[in-house]
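> Using my numbering, the first residue of the sequence shown is number 15, and each one after it goes up by one.
In case anyone wonders, no lab produced these hints; they're calculated from the structure.
Misleading hints may appear alongside valid ones.
[Unchecked claim] Derived lysine to aspartate or glutamate pairs resembling EDC-like cross-links, with alpha carbons at most 16 Å apart:
| no. | residue 1 | residue 2 |
| --- | --- | --- |
| 1 | Lys82 | Glu274 |
| 2 | Lys270 | Glu288 |
| 3 | Lys82 | Asp272 |
| 4 | Lys270 | Glu140 |
| 5 | Lys287 | Asp272 |
| 6 | Lys270 | Glu150 |
| 7 | Lys287 | Glu274 |
| 8 | Lys82 | Glu288 |
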Amino acid sequence: MLPRDPFYRRPIQTLSFHPHPFWGQPTSHVDWCEANYVHTRYVAEFFNTMSSIPMLVVSIWGLYLCFKYQLELRFYLCWLGIGVVGIGSVAFHGTLHPTGQAIDELGMICASLAFLYVVLEIGHLEARRPWLPWVELLYAVAFAIAYFTSPFFFPIFVAIYACTVLLIIHQAYRVYQHYQKEESASAVWQRCLFWTAALGYPGGFLFLWVPENALCPFYPEIFQRLHLHALFHIVTTMSPYCYVVFMTYHRCLMLKRDAEHRLGAGLAYIHVKEAA
């Protein structure tokens, strides 16, 4: 019996267009709209894989800035989380194996927890919730156990991750209100960064991710050419990038560090004038 995909092909009629795919036939629990092994036998979903690489680029850039400006560990973890998601996404879409899928999806959960910690503790010089990292660690472990023991956990993963993202946006909006009525250049930067971050992820999900998965079963010839999931990767790279930059500036203000927004290689970043 042919495997059934939960999103767009019921059943999957053509697993791979190359007769000898390097990674074998797909065995991941999810197979996306992009046709498999069309451009090369070494990459299952070519465009979905290539569009994941910017996550690695911004992760390395962010980690470099953390080191250069001696930022707190929490920001290292945010940038590292984006990089892990990028590695997982490349592995997932490049191979369509369960290992790559697990790295991608568990990496998304861990990265979101790092982002959540940052926004919850952003306004306090000393941690107001010293127990929070331990709670998040236990949550991540419990999530991983449920992930590997339930064969139908993917829809639950999507729902839990979406709720975490919405919570982060809600909490970040409270930070945004500090800049809502200011007219300084820094406040304008912060407003732009916030709205890019806050609208990027939900917008990408609603207008790229959902339409592809909902309509690809009915119009596969069209949606396999649109590469909406690859575009979703680009949008959801810029969204967390802007979030971390937004939070970095506000944290510098809380720590009374002299910081300003700058552009480097077309990307906004926070320049700290004096190392900690």
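> Check each numbered hint against the structure and report the violated ones by number, ascending.
Hint 6 is the one this structure does not satisfy, whereas the remaining hints hold.
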